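A.B. asks: Single-letter residue listing:
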Amino acid sequence: MKKIAIGATFAAVFAGLVATAPVRAEDITIGAVIPLSGASATTGKDQSRGIELAVKEINANGGVLGKQLKVLVEDSGGKPQTAIDAAKKLVSVDKVPIVIGEYSSGNTIPLGQYLVQEGMPHINPASTSGLVRGIGATSYSVVGLDNVSTEFAAQDVIDHGWKKVAVLAMNNAFGQGVAEEFKKHFTAKGGEVATTVMYTIGQSTYRRELQQVEAAAPDAYVFTAYGTEGALIMQEAFELGLQEGKPWYSILITMMNKDTPADFKAGLIGMDVGYIGEGGDAYKTEYEKTYGETFLSAYGGYAHDAVLFAAAALNKAGSTDKAAVLKAIEDLGKEGLKGATGEIKLDADGQRTHQPYLKFKVEGENLVAYD
Amino acid sequence: MFDFFIHVASIACLYGVLALSLNLQAGFTGLVNFGLIALFGCGTYGAALASGMGWHPLAGLPAGLAMAALLALFYARLGRKLSSDYWGIATLSIAEILRISITNEQALTGGAQGISGLPLLFADLKPYDGVPRLALYALVLVLAWFICQRIVKSAFGLAMKLMREEPQLARSLGYDLDAIRRTVMLISGAIAAFAGFLYAHYLTFVGPDQLMSPETFLIWSMVIIGGIGNNWGVVAGAIVMQFAMAYVPFVKDALDLPTDFVAAARLVIVGGGLLAFLLWRPKGLFPEKVGGSRGR
Chain A
4 MKKIAIGATF AAVFAGLVAT APVRAEDITI GAVIPLSGAS ATTGKDQSRG IELAVKEINA
64 NGGVLGKQLK VLVEDSGGKP QTAIDAAKKL VSVDKVPIVI GEYSSGNTIP LGQYLVQEGM
124 PHINPASTSG LVRGIGATSY SVVGLDNVST EFAAQDVIDH GWKKVAVLAM NNAFGQGVAE
184 EFKKHFTAKG GEVATTVMYT IGQSTYRREL QQVEAAAPDA YVFTAYGTEG ALIMQEAFEL
244 GLQEGKPWYS ILITMMNKDT PADFKAGLIG MDVGYIGEGG DAYKTEYEKT YGETFLSAYG
304 GYAHDAVLFA AAALNKAGST DKAAVLKAIE DLGKEGLKGA TGEIKLDADG QRTHQPYLKF
364 KVEGENLVAY D
Chain B
7 MFDFFIHVAS IACLYGVLAL SLNLQAGFTG LVNFGLIALF GCGTYGAALA SGMGWHPLAG
67 LPAGLAMAAL LALFYARLGR KLSSDYWGIA TLSIAEILRI SITNEQALTG GAQGISGLPL
127 LFADLKPYDG VPRLALYALV LVLAWFICQR IVKSAFGLAM KLMREEPQLA RSLGYDLDAI
187 RRTVMLISGA IAAFAGFLYA HYLTFVGPDQ LMSPETFLIW SMVIIGGIGN NWGVVAGAIV
247 MQFAMAYVPF VKDALDLPTD FVAAARLVIV GGGLLAFLLW RPKGLFPEKV GGSRGR
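First to last, the sequence lines map onto chains A and B. Numbering-wise, this note's numbering puts 112 at position 109 of the first sequence, and it's gapless, one number per residue. Numbering-wise, this note's numbering puts 162 at position 156 of the second sequence, and it's gapless, one number per residue.
Please keep in mind that the hints were generated in silico from the structure rather than gathered at the bench. On a predicted model such as this, the values are computed, not experimentally measured, just so you know. Treat the hints with care, as some may be off.
As the list claims (entries may be wrong) - Keeping only pairs whose Cα atoms sit at most 30 Å apart, straight-line, the calculated DSSO-like set for lysine-lysine is: (1) K98/A with K132/B; (2) K330/A with K132/B; (3) K325/A with K132/B.
Okay, chain A solo, but in the shape it has when bound:
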């Protein structure tokens, strides 16, 4: 019995070793690590759709270096360990020239650091934490970081005449970044953050947190939340009467708008990354045609653009050689590239210099952009 068990153990290990499929030689393959399971799976799905549409678009226009482009998508499981496992596979087994990834900053940072250690080009399609800037030399972002988005939000809140606000954000890498950066910009612009409450995600109620922010008696509530949690927060704020006469402002409003019923979000305003920049209409139409629904999140467009950017860099480099690709990314970052989220230009740290942000207000179920 023991021998059988040992045999089975080795068989399992070697079956795994042998079962690697060689990537077809006629394709150019790049890698992507995104969360297809775990807490951010919905966003991951949106990212994979963005990638799929970008690949279709690129291949319809002649592909990359005269060959067909393929994106090998790996699941990060929403965990740093699994994300790095996936990146190691892409780099050492599939030998991809560029890796795109991940979604949440807590995973993107270790993933990027590993890639930087290997000297591999890394494109961040979603994480907005300020720490992303420090990942290293071969890491680039096609999405603007927190400091840019929260400054926009702080200005918008000030412009509405609200000087004293309470901030409510989720207690994770993203939420902590937003809360900290928002406070910095808001205070610099002459506002006052009366209180900041960080909530743990996945709770069945947020009444305690809501009562805490209410106690600060602010002019307005500023919050950021993911899908169903945002819906619950809005519902409970409504039930507790916190929406009566007090405005609510959502940072990255598209994350939670879809899940929130119209009754609980009357008068809600907010901002988000403009997932549609110049030239993004074609992407939006194609997305809705292919998947039969509107965007699941704001991040599909960025994943789409990360692929466009990678493909353009490969074409510019003329080969998949690491050094040539890195040089091409730098050059392309200076020249700029038109994507679905607008023009992508990178600064000296390889981070996106500016990006479109939109002000939104809720009308019934839907979001309407306004100026």
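Mind docking chain B on chain A? Use the hints.
C.D. replies: Leaving out everything else, chain B in the frame of chain A:
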């Protein structure tokens, strides 16, 4: 391919060390610890502390071991009052409390964004750093195995097993159960923290997400599948599980399946594997040996 194999094997070694630590507690002493990951976290945050304070990276090891020792003593102290099921629940909640505290203590621990940029072990030897690292991890695994094996074969090991099987009898024979619990927790805590320290200097990133409770249960499933109460078995369990999960993406590539398959398959491997073993082979791949001429 080779690099990837080295990577997976390295992580498997560290999981093996963790599985040995849990086996010492749960397998031999009957200490159902659902908060193992917090002891591991002492090691990772010891490394992070050294990095944050600008100390020599090696200074993180005693720091991690000291934290692990305190936590282990605290766990052991709780065990005096609680029966084993309640102790399991208490350890789970303490591990969660620690994780949440780390998330909130932004100034000290970097909060949810964690601490990045720790020095990579053997980074100077690039691009041949993988093999010496694996060799070191394998050596640590062998040493940990040897220590565990010596302990369970000693007279003290017999006392541990007696405490697991018949605590009342052990007490009536004059064994000090609190002392046994304390010693076992200290030794296994140190082993887990050591694994954490090595892990932190491999991943070069330390964050509270690494300390989620499912990680503890992943180690539990390795121990149960491998064979609880058998040091060979739990190491085999750790290696099999880690390789199975790491190589799922290749099966996907070979069969041209969608990536969603990987996520689902991993869940099935952990949950389904655990269930299958509990139902059909509750003693695991390598069952515990009881009795025999060398069976002490």
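A.B. asks: Which of the stated hints cannot be reconciled with the structure, identified by number in ascending sequence?
C.D. replies: none
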